[in-house]
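Asks: Listed below are the residues making up each chain.
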Amino acid sequence: MMRAEAGDLQHSIAPDMRDTDLAPEVLDRQLERVWGTPATLWGILATVDHKRIGRRYVATAFIFLAMGGVLALLMRLQLAGPERRLIGPDRYNQIFTMHGANMMFLFAVPVMEAIAVYLVPLMVGTRNIAFPRLNAFSYWIYLAGGVLLWVAFALDMGPDIGWFAYVPLSGPQYGSGKRADIWAQMITFTEIAALAVAVELVVTVLKQRAPGMSLDRVPLFVWAMLVTSFCVIMAMPAIMVASTSLILDRLVGTHFYNPAEGGDVLLWQHLFWFFGHPEVYIIFLPAVGMISGILPTFARRPIFGYLPLVLALIATGILAFGLWVHHMFATGLPRLGESFFTASSMAIAIPNGVQIFCWLATLALGRPVLAAPLLFVLAFFFTFIIGGLSGVMVASVPLDTQVHDTYFVVAHFHYVLIGGAVFPLMGAIYYWFPKLTGRMMSERVGRVVCGLVFVGFNLTFFPMHILGLQGMPRRIYTYQPDMPWGGLNLFVSLSSCLLAAGFLIFFIDIMRCMRWGLPAGDNPWNAATLEWATTSPPRSYNFARIPVVSSANPLWDEPELLVSSGLRVERRELVISTVAAAVPEARDASPANSIWPFFAAIATTGMLISSIFTPWAVVWGSLPVMVTLIGWFWPKSTPEDQA
Amino acid sequence: MLLIALALLACKREARELRTDPPATDALNGVVPMANRINGGLPRIFIAQGSPYENNAYQLGQGKRLYDWFNCKGCHANGGGASGPALTDGRWRYGPDPVSIFLTIRDGRPHGMPAFANRLTTEQIWQLTGYVRTMGAYSAQTAAPSRNDEMQSRPAENRAPAATEIRMPPSR
Amino acid sequence: MRALATSLALLCAGCTGSQTVLAPMGPQAAQLNWLLWSFILICGIIWLLVMFVLVLALRYAAVPSQRGERRAAVIVGVSVAASALVIIVLTVMSYAATRGLSVAADDPLVIRLRGYQWWWEVTYTDRRPDRMLVTANEIHVPVGHPINIELSAADVIHSFWVPNLVGKQDLIPGRRNDLTFTASRPGVYRGQCAEFCGLQHAHMALLVIAEEPAAFEAWRDAQLQVARPPETIEQEAGRTFFVSQPCAACHTVRGTNAAGTLGPDLTHVASRRTIAAGLLETTRGSLAAWIADPQTIKPGNNMPMVTMTPEQLRAVSAWLVDLQ
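So the sequence lines, in the order shown, correspond to chains A, B and C. Note that this note's numbering numbers the first sequence so that position 543 is 543, with each residue one more than the last. Note that this note's numbering numbers the second sequence so that position 139 is 139, with each residue one more than the last. Note that this note's numbering numbers the third sequence so that position 197 is 197, with each residue one more than the last.
A portion of the hints provided could be inaccurate.
To be verified - Selected chain B positions facing chain A (in silico; Cβ < 10 Å):
{"hint": "1", "residue": "14"}
{"hint": "2", "residue": "15"}
{"hint": "3", "residue": "16"}
{"hint": "4", "residue": "18"}
{"hint": "5", "residue": "51"}
{"hint": "6", "residue": "56"}
{"hint": "7", "residue": "62"}
{"hint": "8", "residue": "142"}
{"hint": "9", "residue": "145"}
{"hint": "10", "residue": "147"}
{"hint": "11", "residue": "150"}
{"hint": "12", "residue": "151"}
{"hint": "13", "residue": "152"}
{"hint": "14", "residue": "156"}
{"hint": "15", "residue": "159"}
Hints were generated in silico from the structure; no laboratory data involved. Note that beta-carbon positions come from the ideal geometry of N, C-alpha and C, so glycine has one too.
With the sequences and hints as input, model every part of the structure.
Replies: Structural data, given as structure tokens:
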């Protein structure tokens, strides 16, 4: 298919034809032919268009969100009254493990990366993400990992060890069957996917920015994703090591976590939280970037304190690696060490404070328009600050010994993750939906959704603080009638329906507006960044001509956006620029569509799943992987494939 | 089809049946031994339940815990044998048949194997039977338990096929 | 005296909730409570301030100007400095509390606590080996006397947490942790495992019963006795059944042949308030129900369902409920 198309091009277009003198219609047609994805099944499987993959990623992540939400409702149903027999302990343990693992690994991290996969190339003004075939591979691997986890759960062999999978409970002696292995291998899938996207984003941001977009003109969302990607690259290896050694312990009988043979059960916790705490910021920093993207548009002025905000992002990213031990304050580590981690955990409040003050200043100095995306940002302020402050409380060792592993902590991290990441994410969906689909979402429904979710969320999770202080531990499948928790739990369960209703309306509205929403136009919000400079939804090649940037808010500051020319049009080409100043350095080819990433993902999936059952799968399973990689990288003597 | 079949198999291997109905327990006791109390017919319910004590990971895991708790190690060591015979070499004096092993544990055998009928419930004896069979299995089962968190004296049940340990008995 | 103390304790437990951070019953918990409320107060004020500023920011109609930008920069800078200051104050408060909590007590009563899936084994140490005492799921302590709990785990990680007395500490296989606390008022304080430990994590409670020193010594002496001999024929039959059946393989009843160590020591089971790690109040009925079908009451726990006739069940429960 592709080769035939390339053949057609040879006839109509001379080799090394540039876009310089082409009329706009001819240019569009040419670029569409070179960059487009044919509307066939093959085309869908083989596409490397970052927008298609990004959309897929976002949709899949939201499906996982909905499924995880259903699990949460099941838990609330079970906990609505004392000693309910609706769900037994075995199922309940699977459900809360699935809820946590699903939300962290299959929703929160991927959805943020997915939005970045879609938006970052548009924001930096390039035609595709770096390593687009790796991008396609990443999505298929992520999908396989998610399907593995959910199919296992449907078959009553879902992991039942908590999303944190502490040994020895998840180890060979106490975790019988393959449940823990499925969890650990799901980690491998999602980590491969996340690492791949992180590498792509780093290279895209550093090397593919539009001419003139020096580092001080990069949109803050892009900055946030850059910092996040570095966090991913540094944090994920820790969990890879942890989960792989867990599988080895379970399958081939190594002794990483066996105290009798010189292993250590706390080693698991150190490795896990060395990843697990940065994970929170991997979820939160993109949300910060979204807010910094939404706020200026609706405050109708440039963001206040660009430099402090960037520095705060970087500081948060670095500090995130220095506070994992605050998840382990009850394990009896030496007091001096704990004190250090108290200080670092407290210190991370300062860069977060900087961000909040800068946003408040932006609002104060601007003339805010209270549209739906901004309402979600306001909901963020209300809830996230509560979560941040309760975070300061759990950072204190003595206080943590009282509230650790209670519902207080459940409340805390839902305030941080839903308040701090999901509210901005929903705002981002309302904000960027026109760009993704070309249609607006309903403002009226948006207000209802925001209200319902905000009220439902606070009524659901605020009482959990009190439950925790009243002594209710986490992860219990029931509690006894003589504990004074029944009333609040019933209240929480009822409130969760409100929250669920809000999400339901949100999902329905998305589906409705995808088809029947009002047409949006290129820049419906009158925003300042480059993604609004192209059509909604953008064409397969993003920009007919690569824009040239001379300001941090190009669409506001430049009366007419300058464009560059000189790229070849008979093959996929994009501009490579220098890291700091974004001076154009070279034209580089961008890989064309290919089915091989899909095949490689299938082969990798086969290998990873079989290796739960026998270590030899790594040997014979790597043969198909090798074959598909050879296919992937087979030199075809076309410049596209040299990239 | 194959996938569904595999999935159903996996499903059976992973389910955790925490409670056995008393009538089922009684029925599980109804093995039909041969006259020499070696080999025999499994209770019908054993098969009807899907042979959980052969291929269910949870039941086998429970068996492994019982092996520890009821001090089987005291005589059989970690499977290598001490005052009692070895269990990991895949050669059992009364044969590899589950009924034989069940009877050995329940009723004891001459020369020192005590009866556990009054120490273990029927369900537990079956769990232990299933586990002992994984120790001497000729090939490792997927459902077999893995190593314990203790000093290692032999490969875990889900790893080494015991067959590698087998030497042909000296011909007499 | 003892009756008074007990009723007072029950009253306290009744009116304050028996497992809560908010009703401290010892110096350690009181210090934590003070710290908690200071943090809540300071954080609450900060939150209100930020919300106030947010409302102002939304209502304030700005006229773009250089001066406004500069003023905003100063305000932001001052706010950051102020929040850094608050953070430092909170950190110092936290350190001070840690120091206060980790003062070593002289001559504490040393109790060993071992976590099992899903119950607690309690061992009272003593210099005289014959005064060592093993019980389960219930820790009696003398009021006003520092208690040092040595924590260890037999299988997976558990966490000891009695919020009315002190913060939690994990029980980790292959490691040993320590915790010191004092109960300042008599009472019954409930605690619960706080680290996810498997199927029955929800039903792994324990009671700390703080008594006047005299009552505590009386309790301890009573616990050191062997099990009382059966008085009725039915109890006698119960004991015979217990000793000759699988029960004895896991449970110890001192004074009989039952010497299993896999389950809780039952020598004085009826003197304990609850069975099955805080799940049921100890009565003859609950004992019988528990023995008859443990897997329905606490699914997944390690007690098997032993086949027995109704008469045998009645006999065993009659004997056990007599083991005061």
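Asks: So, residue 150(B) near chain A? Judge it on the closest CB pair being under 10 Å.
Replies: holds (5 Å)
Asks: Hey, does the residue 14(B) contact hint survive, CB to chain A under 10 Å?
Replies: holds (4 Å)
Asks: Quick check on the hint: residue 15(B) CB to chain A CB, less than 10 Å?
Replies: Constraint on residue 15(B) satisfied, holds at 5 Å.
Asks: Would you check whether residue 56(B) satisfies its interface hint, that is, whether its CB is within less than 10 Å of any CB in chain A?
Replies: Holds: closest Cβ of chain A sits about 8 Å from residue 56(B), inside 10 Å.
Asks: Against chain A, with CB atoms and a cut of 10 Å, does the hint on residue 142(B) hold up?
Replies: With a closest approach of 6 Å, the residue 142(B) hint holds.
Asks: Would the stated hint for residue 145(B) survive a check requiring a Cβ distance to chain A of less than 10 Å?
Replies: This hint holds: residue 145(B) lies near chain A, its Cβ roughly 6 Å from the closest one there, short of 10 Å.
Asks: Regarding the hint that residue 16(B) lies at the interface with chain A, is the smallest CB-CB distance below 10 Å?
Replies: holds (5 Å)
Asks: Any CB of chain A closer than 10 Å to the CB of residue 18(B)?
Replies: Since the shortest Cβ distance to chain A is 7 Å, the answer is holds.
Asks: Holds or violated: the hint that residue 62(B) contacts chain A, with Cβ atoms closer than 10 Å.
Replies: Result: holds, 8 Å to nearest chain A Cβ.
Asks: Can we keep the residue 152(B) interface hint, with Cβ of chain A closer than 10 Å?
Replies: Constraint on residue 152(B) satisfied, holds at 6 Å.
Asks: Holds or violated: residue 159(B) as interface residue toward chain A, Cβ cutoff 10 Å?
Replies: holds (6 Å)
Asks: Can we keep the residue 151(B) interface hint, with Cβ of chain A closer than 10 Å?
Replies: holds (5 Å)
In this structure, the one hint that does not hold is number 5.
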